[in-house]
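Heads up: the sequence lines are chains D and R, in that order.
All residue numbers for the first sequence refer to UniProt numbering, where the first residue is 1 and numbers rise by one.
All residue numbers for the second sequence refer to UniProt numbering, where the first residue is 1 and numbers rise by one.
These aren't lab readings, by the way, just hints derived from the structure by calculation.
Just so we're clear, the structure is a prediction, and the values are computed from it rather than from any experiment.
Treat each hint with caution, since some may be false.
Stated by the list, open to error - Simulated restraints on C-beta separations:
| # | chain 1 | residue 1 | chain 2 | residue 2 | range |
| --- | --- | --- | --- | --- | --- |
| 1 | R | D233 | D | G199 | 24 to 32 Å |
| 2 | R | I94 | D | E64 | 35 to 43 Å |
| 3 | R | R182 | D | R249 | 53 to 61 Å |
| 4 | D | N91 | R | V214 | 47 to 55 Å |
| 5 | R | D233 | D | E64 | 14 to 22 Å |
| 6 | D | S81 | R | F77 | 33 to 41 Å |
| 7 | D | S110 | R | W58 | 40 to 48 Å |
| 8 | D | L44 | R | V205 | 20 to 28 Å |
| 9 | D | S205 | R | I94 | 33 to 41 Å |
Built from N, CA and C at the ideal position, the CB exists for glycine as well.
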Amino acid sequence: MKFDLTRRRFLIGSGVAATGLLTGCDALVENASVNDVLQKAESLSMGAQRLLMSHQPLAREYTEADLSPVFKANGTTQPDSEDYARLMESNFADWKLVVNGMVQTPLELSLADLKAMPSRTQITRHDCVEGWSAIGKWKGVPLGLVLQKAGIAPGARYAVFHCADDYEPSLDGSGRYYESIDLVDAWHPQTILSYNMNGKDLEVSHGAPLRLRVERQLGYKHAKYVMRIELVDSFKNLAGGKGGFWEDRGYEWYAGI
Amino acid sequence: MTSVTTGTSDTEMSKPKKVLFYRHSAAVRITHWLNVLCLSFLLMSGLQIFNAHPHLYWGQYGADALPDPSFISIGAFRDGDTIKGVTRIGALAIDTTGVLGASKEDGELSPRAFPSWITIPSYQDLATGRRWHFFFAWFFVINGLVYLLYGSIAGHFRRDLVPTRDQLTPTHLAHEISEHARLRFPKGEEARHYNSLQKLAYVGVIFILLPLMVLTGLTMSPGFNSIFPWLLDVFGGRQSARTIHFIAASLLVAFVIVHIAMVLVSGVWNNLRSMITGYYVLKIGQEKEMPK
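Turn these sequences into a full structure, and let the hints guide you.
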């Protein structure tokens, strides 16, 4: 039997096969039950890391010599609301950090109040989910001290950081940046609310006046332009319900990997 | 090594005896095919992740700031009405339009490091790429541990993979290389065992490349860095680990290409049958005399 496989037929055949495979892969990607199964690995990663982290080790700290010559500013580089413009004009003298939600004493802290509290300085590596890294020196007040001042109410499980920037312009506010961490990371000694970077007041492009540093997780957890910290027991009443701007858009809530 | 030769005038010589021999245990066969599945998805989702930042650096840090500190970079730039894909390795820049840097997506030339036919999903979606990558990373690690446990307990490594002293002599290796280059493979009794090039390739992949993939992958995790910070020192930093991860993945792809080519030219059905059912057909009485 003669098997007539011309080059043309072969090309058409493999083209059809490749397209079929591609569409097949994309169909799998978009299948909800496939997604559910794949997402199981996320809790496995978090469970495994938390088990190995039970002694709360510190993230690697570097020296001045290791600082990145240029620290890439990512995400929003300047919130474009009028409120933020006003705050910027007065050099954040009128800015107040609100701490509320499931706390015993809601707080309003000025930048001066925060700077008067004990501080921690750390030279750490910032890892973006995209793959790049930059090393910077951060000074700020440990989040734990602020939470201690407010007093956490029973049942609170997460600290949510509400930001000033609309990362995705929207009418209903669903494009407003926010992030959340659990109390394990909130109490970690390297988790700080930073107002100073590389020895200078935090620049607008890096989240002035205040940004979160949560050193054992990826960059998108490090919320910039923090306006309010809310203690909650679940994410269900927040935007997309997944605990963060990028989480609502498919990224993992636990970003230690 | 002895070569079995029967009388040359024997009539049996023209009609070699077929012997079925049990070459691959069920554990090896199952873990092999699961590994194929895992590595395929890991590669495709890995390239999706790479596409989010197609630059590689050496050291602790590295980002697309100016001056560009990367030493490997796959990018695109506008050239009049069209775009061009450029792959840069050090000072060497190569036009790779159509494949790397810029390729067709939905029929339109778009800027993307690796083309859509090799990434999962086909379109740019880092979050999904990561979800697939980490799922199959777990699957791969568990499957690999089962294989390592089986291989050491059942004697598979000692019996089948560790080269014998005779196989490692320079004359023997030189002989095997020249035989391979002529696409002449061991037949008959000789084919009961892996040849030394096969053994060295498998040992290199199983005990060096694949563990390197897992360790460099873990070194990119900021959480894992706090647990085992010494990994950062072993690989020279997170960005070095990312680069090694990419290079080791490329070597794995090269291995798979050679592996498949060898499967095809050394008796594809016999090879496939043995990795599916376990049984390999030996044609006894057909081997030629091997030079000592």
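Results for each hint:
The beta-carbon spacing between D233/R and G199/D, approximately 27 Å, falls within the hinted interval of 24 to 32 Å. Judged by the Cβ atoms, the range 35 to 43 Å given for I94/R and E64/D holds: they are separated by roughly 38 Å. Taken as a hint, the range 53 to 61 Å holds for the pair R182/R and R249/D, whose Cβ atoms sit roughly 56 Å apart. Look at N91/D against V214/R: about 49 Å separates their beta carbons, and that is inside 47 to 55 Å.
Look at D233/R against E64/D: about 19 Å separates their beta carbons, and that is inside 14 to 22 Å. Look at S81/D against F77/R: about 34 Å separates their beta carbons, and that is inside 33 to 41 Å. Distance hint check: the CB atoms of S110/D and W58/R are about 44 Å apart, consistent with the given range 40 to 48 Å. The hint said 20 to 28 Å for the Cβ distance between L44/D and V205/R, and at roughly 25 Å that hint holds.
Checked against the hint of 33 to 41 Å, the pair S205/D and I94/R passes, with Cβ atoms roughly 34 Å apart.
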